[in-house]
Amino acid sequence: MKKDFLLDWGFGKLAFLGALLILVILLSLFVVLYKESSLAIHTFGVWKFITSKVWNPPMEKFGGAPAIFGTIVSTVISILIAVPVAIGIAIFLTEISPYPLRTPVGVAVELLAAIPSIIYGMWGLFFFAPFMRDKLQPIIHATLGKLPLIGHWFSGYTPGIGLLTASIVLSIMILPFTAAIARDSFNMVPPILKESAYALGATKWDVMKDVVIPYAKLGVIGGIILSLGRALGETMAVTFVMGNQPVIPTSLLEPATSITVTLANEFTEADTNLYLSSLFYLALILFVMSFFVIVIGKFLFLKKVER
Amino acid sequence: MDAFTKRKIVNAVVLVLSTLAALLGLVWLFWILGTLLYKGLSSLSIEAIIGPPPSPGDNTGGLRHAIVGQTLIVLFATLIGIPIGIIAGTYLSEYGKGSRIANIIRDLSDVLMSVPSIVVGTFVYAIMVKPLGHFMGIAGSVSLAIMMIPIIVRTTDDMLRMVPPELREAAYALGATKFKVIKDVVYRAAITGIMTGVILSVARIGGETAPLLFTSFNNNFFTLNMFQPIASLTVTMYDYAMSPYKYWQDLAWVAAILLTFGVLGANILGRLIAHYKFKK
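Chains Y and A, in that order, are what the protein sequence lines are.
Take 1 as the starting number for the first sequence in the working numbering and just add one per residue.
Take 1 as the starting number for the second sequence in the working numbering and just add one per residue.
So that you can see chain Y by itself, here it is in the shape it has in the complex:
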């Protein structure tokens, strides 16, 4: 009998420790990254590190601007490309597709979300980069490159590896994830609301625009923000095709870098304390950025939808 109570007590405490471990991991993530990057923080400061464009390991000069720029720009472009397509897929899956097709296409989209990101990266390197160089680049030069003001963003000839290529591969990578969330949000709209609108003579688009999208807005925005978080921290899909050049390029077609690309390429090669510390600094910046994105997406938007 006494044994039972001892076990009971012990298990309760163990369970609490297990739960506490999550808190400990998250806190120590922050503390350890901060501690490891403190050398770089003291050497370069915060604002100077974020704005300095020089990343020169042999000279021991480290500025985070190129990597941060690449991370933000590739994330934003990938979201701009992925979101309309993802919403198109979601509309197709919830409103247009014939019923027998919905489950298989929906499952296909979800399975595609499960494919390891390194596969997207390898495909990008061996197939999409040449396609970009031979087919898309001339088209981009002829169209976007001719625009006033922003035309120079789309100029230059490259081997197909660069910021825009990485952004496109990234957008394909997050597409299934974004589409699945948008579809789930659309599916949560009560059928009776849609039917009422149809009964008033609304077309499918009227129903989408005036009933489904307003109802599912919070979920979709939350999903987009979570996709943003995913794109920020995605490593392997972009490492192959970004080019790893620590510069802020003048054209989106040129090679660049991002925080994750820099980490993946240089972490094991860092030969001095300051170099390693600067890389940890980049990791810390990425952690903080994605932390805020996740918190905003999860708790400002999705919290109101879930549970």
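No wet-lab data here; the hints were simulated from the structure.
Among these hints, one or two may not hold up.
[Said to hold, decoys possible] Examples of chain Y residues toward chain A, derived with CB under 10 Å:
hint : residue
1    : Trp9
2    : Ala202
3    : Phe280
[As the list claims (entries may be wrong)] What the simulated footprint calls covered on chain Y by chain A, stretch by stretch (three residues with Cβ under 8 Å from a Cβ of chain A suffice, anywhere in the stretch; the number is not a length):
hint : stretch
4    : 173-183
5    : 257-271
[What the hints assert, rightly or not] Derived EDC-like pairs: lysine to aspartate or glutamate, alpha-carbon spacing no greater than 20 Å straight-line:
hint : chain 1 : residue 1 : chain 2 : residue 2
6    : Y       : Lys298    : A       : Asp158
7    : Y       : Lys3      : A       : Asp184
8    : A       : Lys130    : Y       : Glu266
9    : Y       : Lys217    : Y       : Glu95
10   : Y       : Lys13     : A       : Asp184
11   : A       : Lys180    : Y       : Asp4
12   : A       : Lys97     : Y       : Asp8
13   : Y       : Lys209    : Y       : Glu95
14   : A       : Lys130    : Y       : Glu269
15   : Y       : Lys217    : Y       : Asp184
16   : A       : Lys6      : Y       : Asp206
17   : Y       : Lys209    : Y       : Glu195
18   : A       : Lys8      : Y       : Asp206
19   : A       : Lys180    : A       : Glu169
20   : A       : Lys130    : Y       : Asp271
21   : A       : Lys183    : Y       : Asp4
22   : Y       : Lys146    : Y       : Glu254
23   : A       : Lys183    : Y       : Asp8
24   : A       : Lys8      : Y       : Glu95
25   : A       : Lys97     : A       : Asp158
26   : A       : Lys8      : Y       : Glu195
27   : A       : Lys277    : A       : Asp158
28   : Y       : Lys298    : A       : Asp110
29   : Y       : Lys298    : A       : Asp107
30   : Y       : Lys194    : Y       : Asp210
Cβ coordinates follow ideal geometry from the N, Cα and C atoms, glycine included.
Use these hints to put chain A onto chain Y, whose structure you have.
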């Protein structure tokens, strides 16, 4: 043009556009899958799977070292991740129900789930690889376990909450302690759901590369020693794909297809179990 015709036209345009968007998305994705199947299957052979690690310029050898390494890393990650994940999920659902700390931990667990995987890799580098002075397989397992725990916590928590309170009350009425109730009633009722969560979490972490780059690193030799650098399919893929040798690049595609089959297989298995469990 009257308003009715206009609405109909706008409707048609939007429907065509979204069908096109769906097609475009699916085309990209099937292009990737098609490439993977084509490149992977054309290089797939017994030699490529069980052969010893290849040497530069030599057109023989296979992925034995990486397959075994990958299995070991994921196995140890599972061994670390499952108990911690399940017990933490149990706390959230059974002990801390409704309490402030449980709610905070549940939210933090969701945040931990979305931390970039490469950041987890740098973290484990700092706490394990740097102090001990060399890369090692077990550090890779720890990185993957850290990514796995929040997923298992989430599913365990959800599954345990679906167990009807009457079951627990019936057991309490017979004089069972809380531990007994959880072990003999709650876990038994929720075991399929928990297993599904475990399988899906393995599918999720099995294809991760970034957390292994600075932890388990890579090893061009066959090893079973988890305290030394060890090869994984993913990091091997990365290195071989970037190598100048055609044969190594072909091996990278073989690794890609093995990894994708493994990950998708686990994913489909998890979904099937969930499907049959919850249809009843």
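We went through each hint and held it up to the structure:
The beta carbon of Y:Trp9 comes within 8 Å of a beta carbon in chain A, closer than 10 Å, and the hint placing it at the interface holds. The beta carbon of Y:Ala202 is positioned within 10 Å of a beta carbon in chain A (closest approach about 9 Å), and the interface hint is therefore held. Look at Y:Phe280: its Cβ gets to within about 6 Å of chain A, closer than 10 Å, so that hint holds up. Counting residues of the stretch 173-183 of chain Y whose CB falls under 8 Å from any CB of chain A gives 3; the rule of at least 3 is met.
Only residues whose beta carbon comes within less than 8 Å of a beta carbon in chain A count, and the stretch 257-271 of chain Y has 5; three or more means the coverage holds. Among the hinted pairs, Y:Lys298 with A:Asp158 is consistent with the structure: their alpha-carbon atoms are about 17 Å apart, no more than 20 Å. With a C-alpha separation of about 16 Å, the suggested pairing of Y:Lys3 with A:Asp184 holds against the 20 Å cut-off. Proximity of A:Lys130 to Y:Glu266 is assessed by CA-CA distance (about 16 Å); at most 20 Å being required, the pair is judged to hold.
At most 20 Å may separate the alpha-carbon atoms for a hinted pair to count; Y:Lys217 and Y:Glu95 meet this at roughly 17 Å. A hinted pair counts as satisfied when its Cα atoms are at most 20 Å apart, and Y:Lys13 with A:Asp184 qualifies at roughly 19 Å. Annotation: proposed proximity of A:Lys180 to Y:Asp4 holds, straight-line Cα distance about 8 Å (limit 20 Å). With a C-alpha separation of about 17 Å, the suggested pairing of A:Lys97 with Y:Asp8 holds against the 20 Å cut-off.
Between Y:Lys209 and Y:Glu95, the direct Cα distance comes to roughly 12 Å. Compliance with the 20 Å bound is thereby established for this hinted pair. For the given pair, A:Lys130 sits about 14 Å from Y:Glu269 by alpha-carbon distance, which is consistent with the 20 Å threshold. At roughly 12 Å between alpha-carbon atoms, Y:Lys217 and Y:Asp184 fall within 20 Å of each other, so this suggested pair holds. Between A:Lys6 and Y:Asp206 the alpha-carbon distance is near 12 Å, which keeps this suggested pair within the 20 Å criterion.
With a C-alpha separation of about 14 Å, the suggested pair Y:Lys209 and Y:Glu195 falls inside the 20 Å cut-off, and the hint holds. The suggested pairing of A:Lys8 with Y:Asp206 holds, with an alpha-carbon distance near 10 Å, which does not exceed 20 Å. In summary, the hint linking A:Lys180 to A:Glu169 is supported, as the alpha carbons are separated by about 12 Å, within the 20 Å threshold. Of the supplied pair hints, the one linking A:Lys130 and Y:Asp271 holds, its CA atoms being roughly 13 Å apart against a limit of 20 Å.
Distance hint between A:Lys183 and Y:Asp4 is fulfilled; the C-alpha atoms sit about 12 Å from each other, no more than 20 Å. A hinted pair counts as satisfied when its Cα atoms are at most 20 Å apart, and Y:Lys146 with Y:Glu254 qualifies at roughly 17 Å. Of the supplied pair hints, the one linking A:Lys183 and Y:Asp8 holds, its CA atoms being roughly 10 Å apart against a limit of 20 Å. A distance of roughly 16 Å separates the Cα atoms of A:Lys8 and Y:Glu95; the hinted pair therefore holds under the 20 Å criterion.
In summary, the hint linking A:Lys97 to A:Asp158 is supported, as the alpha carbons are separated by about 12 Å, within the 20 Å threshold. For the given pair, A:Lys8 sits about 18 Å from Y:Glu195 by alpha-carbon distance, which is consistent with the 20 Å threshold. With a C-alpha separation of about 15 Å, the suggested pairing of A:Lys277 with A:Asp158 holds against the 20 Å cut-off. Taken as a hint, the Y:Lys298 and A:Asp110 pair is honoured in the structure, with Cα atoms around 8 Å apart against an allowance of 20 Å.
The suggested pairing of Y:Lys298 with A:Asp107 holds, with an alpha-carbon distance near 9 Å, which does not exceed 20 Å. For the hint linking Y:Lys194 to Y:Asp210, the alpha-carbon distance of about 10 Å falls within 20 Å, and the restraint holds.
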